[in-house]
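Fit chain B to the given chain A structure using the hints.
Read off the chains here:
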Amino acid sequence: MRATKANETYQRNTYLSDPPDYKLDDDEEEEFDLDERLKEENQYKYHENLSHYDPKGQPYSYFYITVMGQIDFGEFQYLDGLQLHYHFVKGEDWNIANGTLFQTGQFAFKGQGRGLSRMIWNLPFEITFRTMTPFGWPQLVVYCTTKESDGSDTVKAFGSIHVPISPGIHKKIIRMFSPITTNSFTEFIGWFREGGGVQIDQPELIAFAEGREVSRVKAGGKVTVNMQVTQRNMERHGYITTNNKK
Amino acid sequence: MADYKPEIYFIGQIVGGSDFPTDLDGLFVEASLKYGENWKLIEKTSTIQTHTSYPDDEGFFVFAHPFDFYFICESVQGWPKLNIKVWRLDQYGKLDNIAYGIINLPNETGSFDLECPTWRPMSGWREESYNYYLGGPPKLVNSDPIVRDLNKRRFLTSMSSGSIHIHCEVLMKGYRDSFISGDQ
Chain A
1 MRATKANETY QRNTYLSDPP DYKLDDDEEE EFDLDERLKE ENQYKYHENL
51 SHYDPKGQPY SYFYITVMGQ IDFGEFQYLD GLQLHYHFVK GEDWNIANGT
101 LFQTGQFAFK GQGRGLSRMI WNLPFEITFR TMTPFGWPQL VVYCTTKESD
151 GSDTVKAFGS IHVPISPGIH KKIIRMFSPI TTNSFTEFIG WFREGGGVQI
201 DQPELIAFAE GREVSRVKAG GKVTVNMQVT QRNMERHGYI TTNNKK
Chain B
1 MADYKPEIYF IGQIVGGSDF PTDLDGLFVE ASLKYGENWK LIEKTSTIQT
51 HTSYPDDEGF FVFAHPFDFY FICESVQGWP KLNIKVWRLD QYGKLDNIAY
101 GIINLPNETG SFDLECPTWR PMSGWREESY NYYLGGPPKL VNSDPIVRDL
151 NKRRFLTSMS SGSIHIHCEV LMKGYRDSFI SGDQ
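From first to last, the protein sequence lines are chains A and B.
Residues 1 to 246 (UniProt numbering) are what the first sequence spells out, left to right.
Residues 1 to 184 (UniProt numbering) are what the second sequence spells out, left to right.
Treat the hints loosely; a few may be bogus.
Stated by the list, open to error - Computed beta-carbon distance windows for the label pairs:
no.	chain 1	residue 1	chain 2	residue 2	range
1	A	ILE173	B	ILE11	26 to 32 Å
2	B	GLY136	A	LYS172	48 to 54 Å
3	B	SER32	A	LYS171	32 to 38 Å
4	A	THR100	B	GLY93	40 to 46 Å
5	A	LYS172	B	ASP144	24 to 30 Å
6	B	LEU24	A	ASP153	21 to 27 Å
Since the hints were derived computationally from the structure, they do not count as laboratory data.
Don't be surprised by glycine CBs; every beta carbon is placed ideally from N, CA and C.
One chain only, chain A, in its complex shape (with noise of 0.2 Å):
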């Protein structure tokens, strides 16, 4: 409301960007402190709601790899009812910002059907890893076992596999092998079985390139994983892992 006659009383509301013709009462001009004013301009100004979010700005440090999926099935022609483990191995660099390592999922059984080539274990898996050097890009290494009828577990086949460096939704088959144990009669013979046998404490070393040198492998079998990659920060630290190039 603006004063039209000097000496009219009304309801006046403060404000800071009043016309210039606009013209105070001699008794009214002592409510306005001129500090104050000069206060509440800053406080309008710099209040917090007006601030603007930018989550570009935000400092950054780590890349962030977020590896999800499940692993789905095996298909073993002559194996039966495994049961899975999968390890998570990465290079000293890395580090685990959410999930589990390693975990064991059921003994599994083929089903009847189309069922009856597949043993599903449908073991669902999320880790996420942080670090700031691909160096040491984690792989997993799913290794199966059985109980034998004296309750021991016994490994009967390994595999091994690089999380992909790309993000998105990867289908990933593992060729799984099995050690031997041969002594000359069964080479002799010529029997190889599937599932060689063989406790090993560390299945994890899979992973690595030691010592393979002295070692005799049969192949056999398959797993399938389903692996979803998300990255965080990866462009930031200079690494493109998509085709789109922008």
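Coordinates of chain B only, in the frame set by chain A:
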């Protein structure tokens, strides 16, 4: 000011099922969403139950049940998964839970055909012959081992069952601004 939070839409349908060891019985699927605490589902229901379908000549069951999930995502951890239970309705009208499955929803934009293999628990010859003659396979008393508590899986024995086919289209918003991959 929530414009910077990544949002994701999963639009699709539970297409059908195949290769289940049921001869002429009807099947239906109950699917529920499982997601992390930093995900917010903008919708009232997160559980789906399809109609009961009888198989065609090839043994394929058609559900064609659409879903439309809209999430606001504050963390990549806890990516949504569909927790599937397959139920059978036999000729005597008995309802039975015959298989379980879990599948991760896709993490990139596009159109996807997913196949979720399913399994059912197995205990011994007694339960198997009961199932063969009377129809009633062993079931999980507690559904934790499917996805909530995977440490319990190592004590289970299972038998493979059929597959559930799901079609899913994914739309992402705001992922590129946070430097998260998936939205090409």
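Here is how each hint holds up against the structure:
1. ILE173(A) to ILE11(B): 26 to 32 Å: holds (29 Å)
2. GLY136(B) to LYS172(A): 48 to 54 Å: violated (37 Å)
3. SER32(B) to LYS171(A): 32 to 38 Å: violated (24 Å)
4. THR100(A) to GLY93(B): 40 to 46 Å: At roughly 43 Å between Cβ atoms, GLY93(B) and THR100(A) fall inside 40 to 46 Å, so the hint holds.
5. LYS172(A) to ASP144(B): 24 to 30 Å: 28 Å Cβ-Cβ, so the 24 to 30 Å window holds.
6. LEU24(B) to ASP153(A): 21 to 27 Å: At 41 Å between Cβs, range violated.
The structure shown violates the earlier hints numbered 2, 3 and 6.
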